[in-house]
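Go ahead and model the full structure; you've got the sequences and the hints to work with.
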Amino acid sequence: MSPPNVEEQLRALREQALGREPEPDAWPRLQRRLRREPTRRAVLVAGLVLAVLAVAVAPGLLARRAAEQPLGPIGGTPVVPGDPVVTARIRLDRPVGYFAVGFGAIWATGQDALVRIDLRTNRVVAIIPMRLGGSQGGGGSIAFGEGAVWVTSGDVGVNFRPDAVVYRVDPAANRVTASIPVPAGPIEVVVAAGTVWVTHDADPGEGFVTRIDARTNKLLPPIQVPTFPGPIRSGLDAVWVVDWRTFARIDPRRGTVTQLGHPAGNIWEVGGGALWGTYANGTDDSGVQRVDGVQRVDGVQRVDPDTGRVLARIPIPHGLSMAFGLGTLWVVQNTSSPPTSLGPGSSDKPDRTRPGRLYRIDPTTNRVLGRPLTLPRIVPASYFGVAVGEGTVVVKDIDGRTLTRIELVP
Amino acid sequence: MDPRPGRDGELSRLFEVHYPDTVRLGFYLTGSWAVGEDLAQEAFVRLWRRWGRLRDHAAAVGYLRTTVVNLSRSALRRRLLELRHQPTIGEAGHDTDLVAGLDVQRALAALPARKRACVVLRHLVDLSVEETAAVLGVSTGSVKSQTHKGLRLLEAALAERDDQAHQHAQEVNER
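Line by line, the protein sequences give chains U and L. The first sequence: position 23 = 23 (this note's numbering), numbered continuously. Convert by adding 1000 to the 1-based position in the second sequence; the result is the number in this note's numbering.
Worth double-checking, as some hints may not be accurate.
Chain L side only, calculated, beta carbon under 10 Å to chain U, not exhaustive [to be verified]: (1) L1011; (2) E1016; (3) R1024; (4) Y1028; (5) W1033; (6) E1037; (7) A1040; (8) E1042; (9) Y1063; (10) Q1105; (11) D1126; (12) V1138; (13) L1151; (14) R1152.
Simulated crosslink set (SDA-like; lysine to any residue; CA at most 25 Å straight-line) [stated by the list, open to error]: (15) K1144/L <-> A12/U; (16) K1144/L <-> S1128/L; (17) K218/U <-> G147/U; (18) K1115/L <-> E8/U; (19) K1115/L <-> E15/U; (20) K1149/L <-> V1125/L; (21) K1144/L <-> E7/U.
None of these hints come from the bench; they were simulated from the model. Note that beta-carbon positions come from the ideal geometry of N, C-alpha and C, so glycine has one too.
Below, the structure is given as structure tokens:
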């Protein structure tokens, strides 16, 4: 096999990029930002003062309260029987980024708003404005707990957003009841032990997890973790923070890191007594991937929460998105991706004739339950494509504008 | 927008001429067009803030490039996670990024930051060794060395991917 021609591939990449143009609203967007500049410094200073005050005042008293809070179920629920069927297709007026199920609704972020879709009617019942970063105002992520919906303002790819906040939304009133200033680039959020836990995608966010006391909305002292914390999950009586080399297990009651796992690979879900991801680092028993190299994404990995070792690999190629619920792991497979890589000159567009598939994995056997469900359309090549809660599974179409509901029927 | 005359007009002209290339630089460095747009926007905002301290037009362009290179490091960390999970395509619609699937884009993202910046500035933006050195604030010798090493790493990564693709195709045929 002849060595690849790097310069030729770079040229092909450049030609493709030269064929693209920036968004037409780039200049108005810049002007809007510049108009806000005079208030930026004031906002920064106020946020800093608030954060410092909160850290100074909140401390041990609140930690003691957190220690008394009960956590959710540890081992998960038994496998709920039934066959998955599509029960609804919900068309939205905007592309949404993140979504989650809770409080009798699907909650999704998009275009600087949190959209609430009622699970009984499948209709949008509220659009709650909030400033969100990320691509197309899709925000960071969503979590439920302590009677509230929590939304991170997200990143915009860099660490400059002055109004980095975590929004607290009252689901009874459909309105933001608190905007809590946090360090730059708040991305992922979970709620455990009366505390809201947030990771950041920004230089100042490296190496720590922000904590918010859910009762007072005040910051607690941050938790130091390995650098580049990305995904954060709760389960197995712990909060899990993952970067691409390690995972940190945090005791949410004491607020301390109790275990570091090496190597970690990625971990996207916790449930059924295990951690779940799509690859594992290093050259250990995974045999598929190295940290600094390219890798094949060829399956779902079950990872031992105590040792970090891969216990099982379920062969679902391009099973990128996953969520745990109804006693099983749900995996959305992007079947529009060709099985092998493409070279320059080939079409790199998704094959829109190949809809996604939804798999269900039984954590007691590590096997796929039944036949995979073919979804109505293709799904995003993204790890934010499925959510489970309140007896329903929700999958996002590739355009982000349509959500598909799936439920189990006996 | 600005009490000092001239700044807005100059910025507008710079935007007209250099914004697309600034977006592309961000795209090359992060693998995401949307992030490239965000980086370019931020670079222009920072340029606007520092206007009074810039020497001239050329300094402004250099400042834009340097800002995008610096900002891309943190942006790429998150983007890398996505690339590791996007075997061949980007997510159309929400973050349309059809080029992200190219092998070379993925391999670029896996390069160490300095080598990636050197390869991008030299071979995708077409800057000279001296211009690249100025943007990165390093010596010309360092640029040459980092670019060379970066290209070799790219070649190795692409060769490995070809092997994997070949192996995978064989497995499929055997089934």
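Taking the hints in turn, this is what the structure says about them:
Here the hint on L1011/L is kept, as its CB sits about 8 Å from the closest CB of chain U, short of 10 Å. A hinted interface residue such as E1016/L counts as satisfied when its beta carbon comes closer than 10 Å to some beta carbon of chain U; here the least separation is about 8 Å, so the hint holds. Given hint, R1024/L at the interface with chain U, holds; its Cβ is 5 Å from that chain's nearest Cβ, closer than 10 Å. Contact between Y1028/L and chain U, as hinted, is supported at the beta carbon level, the nearest pair being about 7 Å apart and thus within 10 Å.
Checking W1033/L against chain U: minimum C-beta separation of about 7 Å stays under 10 Å; hint holds. Nearest Cβ of chain U to the Cβ of E1037/L: about 6 Å, under the 10 Å cut. The hint holds. About 7 Å separates the beta-carbon of A1040/L from the nearest beta-carbon of chain U, less than 10 Å, and the hint is met. Interface hint at E1042/L: satisfied, since its Cβ lies 5 Å from the closest Cβ of chain U, which is below the 10 Å cut-off.
Interface restraint check for Y1063/L: the shortest CB-CB distance to chain U comes to about 15 Å, outside 10 Å, so the restraint is violated. Annotation: interface hint on Q1105/L holds; nearest CB of chain U at approximately 6 Å, less than 10 Å. Given hint, D1126/L at the interface with chain U, holds; its Cβ is 9 Å from that chain's nearest Cβ, closer than 10 Å. Evaluation of the V1138/L hint against chain U yields a violated restraint, the C-beta minimum of about 20 Å exceeding 10 Å.
At about 6 Å, the closest approach between the beta carbon of L1151/L and any beta carbon in chain U falls short of 10 Å, and the interface hint on this residue holds. Interface restraint check: R1152/L against chain U, minimum CB-CB distance 9 Å, threshold 10 Å, status holds. Of the pairs offered as hints, the one joining K1144/L and A12/U holds, with about 22 Å between alpha carbons and a cut-off of 25 Å not exceeded. Proximity of K1144/L to S1128/L is assessed by CA-CA distance (about 10 Å); at most 25 Å being required, the pair is judged to hold.
Distance check on the hinted pair: K218/U and G147/U sit about 16 Å apart at the alpha-carbon level, within 25 Å; holds. Distance restraint check for K1115/L and E8/U: the Cα-Cα separation of roughly 18 Å lies within the 25 Å cut-off, and the hinted pair is therefore satisfied. This hinted pair checks out: K1115/L and E15/U have alpha carbons roughly 21 Å apart, not beyond 25 Å. Taking the CA atoms of K1149/L and V1125/L, the gap is near 18 Å; set against the 25 Å cutoff, the hint holds.
The suggested pairing of K1144/L with E7/U holds, with an alpha-carbon distance near 16 Å, which does not exceed 25 Å.
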